[in-house]
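Novice: So you can see what is in the structure, the chains are spelled out below.
There are 2 protein chains.
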Amino acid sequence: MKFELTILGSSSALPTSQRNLTAHVLNVYERFFLIDCGEGTQIQLRRNRIRFGKINHIFISHLHGDHIYGLFGLLSSFNLLDRTNDLHIYAHKPLKNGIDYIRKNFEGHLNYNIRFHPINPEEKELIYEDKRLEVYSFPLRHKIATSGFLFVEKPREPNIKKSYVQKYNISVKNIQHIKSGGDYKSPDGWLIPHAEITEPPYRQRSYAFCSDTGYYEAIVPVINNVDLLYHEATFQEEHREEAEKTLHSTARQAASIARQARAKKLIIGHFSARYKEIDNLLSEARAIFEDTIPAEDGLVYDIKPYRTERPDDY
Amino acid sequence: MKFELTILGSSSALPTSQRNLTAHVLNVYERFFLIDCGEGTQIQLRRNRIRFGKINHIFISHLHGDHIYGLFGLLSSFNLLDRTNDLHIYAHKPLKNGIDYIRKNFEGHLNYNIRFHPINPEEKELIYEDKRLEVYSFPLRHKIATSGFLFVEKPREPNIKKSYVQKYNISVKNIQHIKSGGDYKSPDGWLIPHAEITEPPYRQRSYAFCSDTGYYEAIVPVINNVDLLYHEATFQEEHREEAEKTLHSTARQAASIARQARAKKLIIGHFSARYKEIDNLLSEARAIFEDTIPAEDGLVYDIKPYRTERPDDY
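Protein chains in written order, with this note's numbering: chain R, 35 to 348; chain B, 35 to 348.
It is worth saying that the hints were derived from the structure and are not from the lab. Incorrect hints may appear among the rest.
The list treats identical chains as one, so a pair stands whether inside a single copy or across any two.
Calculated cross-link-like contacts (lysine-lysine; reagent style BS3-like; alpha-carbon spacing at most 27 Å) [as the list claims (entries may be wrong)]: (1) Lys138 x Lys127; (2) Lys138 x Lys279; (3) Lys127 x Lys279; (4) Lys299 x Lys165; (5) Lys88 x Lys310; (6) Lys138 x Lys88; (7) Lys310 x Lys158.
Chain R on its own, in the form it takes in the complex (with noise of 0.2 Å):
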């Protein structure tokens, strides 16, 4: 039942000797999916122990070197490794040809298929499903066209107690209609109510990627509620000037992004090079939303089940 962030690299376009590129995986039940891949992925899904053929599903941002120049090398490796499955890609267009062109002139035929998912720049659309997740696709504000990642967990039926399956034996045809709703009727004709004989099911878990961009409150309602907001924050509030000409946002602006939404917990990241330390952007972010955390390379975050429901005032 996991769900579980790993960051593979927490640098903005310039890495240093302790960030890498852009790329987390998201293992969702030992599904693995991997979010952008700046040159260096492969060798950070190695150190971080996550194994190549986990993965199935590569989601691209957008189309800035820092953010896929690891892709290159990964499809190889892949080869190499003597993959079969398809691997589905899901980017903006012209990303496809860039792959086609790289393969046919610096590499040789690929023993597996790329199934090539191209993401509407414009709209909120779901893009890929399963039966235990489903992953929006959204746009950002950027340089270039760019989205975030809503990956949500489907929701779950709720669980009979476990003292009334051993003390009922109930049938599993009764099971069935207990967890879509009912209630429980013995044989004997008597009932007992729904609320009384399951727990709430888990609550649909939820993580959302948004890098590269600047400040956007447009996608407040996109990912409202959700439990894990990576959110890039690649200056501090002093160049915040340079962030608006660059189209990225400050620490303070993703922290106030986290707070509109309600997210649960804020993990901030895409930092510039130019800081050594990054002292200052998490006690900028604190400021406005105190759950923040800051990416470092190999950070990984589990996002553990949970039943309750959010206090209102949250």
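Assemble the complex: chain R is given as a structure, and chain B must be docked to it using the hints.
Specialist: Positioned in the frame of chain R, the structure of chain B alone reads:
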């Protein structure tokens, strides 16, 4: 007077958590020459504290992804770091179009010029020269056009012994005369022979880079007497058949080339990721050529200046 090699990546096509993809840096009197540029090279440059601004010349052996995919990001990073100096790239011709394609589709304008120097894959040729150094490319034997590189220090003038300079207060004109091979002639008209007043000059140091290549004796005369030979050793003897099929070398073959070429020191590298430990490859090589060391990421090998002739029976 440095002539110092730093190895940034020592794996073959698949990187591991310990070994990055191929890239070497040769520091010749504080000019830094980058040889190959596998994915992650810019991060390895950072880790090894090599300043990007010191690199003006990049030599690419061949156009397989594991030797070039670090180039696209490095070019961007140069730009972000406000480079204005020309960057010289020596590579087989199709790389130029590749760079142009990537720049056009995924990057903005560069604020510096790239000077592209196409390598002739068929012949040994002098491809670079300055007052300290000559660089030659020469054909290797691989699946696509591949060139090795030979870096040779230029001949140095003999040094006049300090004691004589002080004792006779030799004029600048006379110093030039002696350094170019003449005897010392005093104002009074008597002579001190050249051989007495000078120390023999430092020898021309040299480094040869041979990767990727199958076993290829044709390179022996080209790299004859080289101080330091890097020769790929992708496989151990046990997998010789695979080496021949893929046009790579075994450790034993690399050592055989070093021995025939009377190299002073051999570094083997480009190890297949299948070998968790490379002890066997090293033993194999040392059985043929004792002065063998294994490439490791971050290995620095300094070829110190030396004056003596090598013994004939070396």
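Novice: Check each numbered hint from earlier against the structure, then list the numbers of those it violates in ascending order.
Specialist: Result: hint 7 breaks, nothing else.
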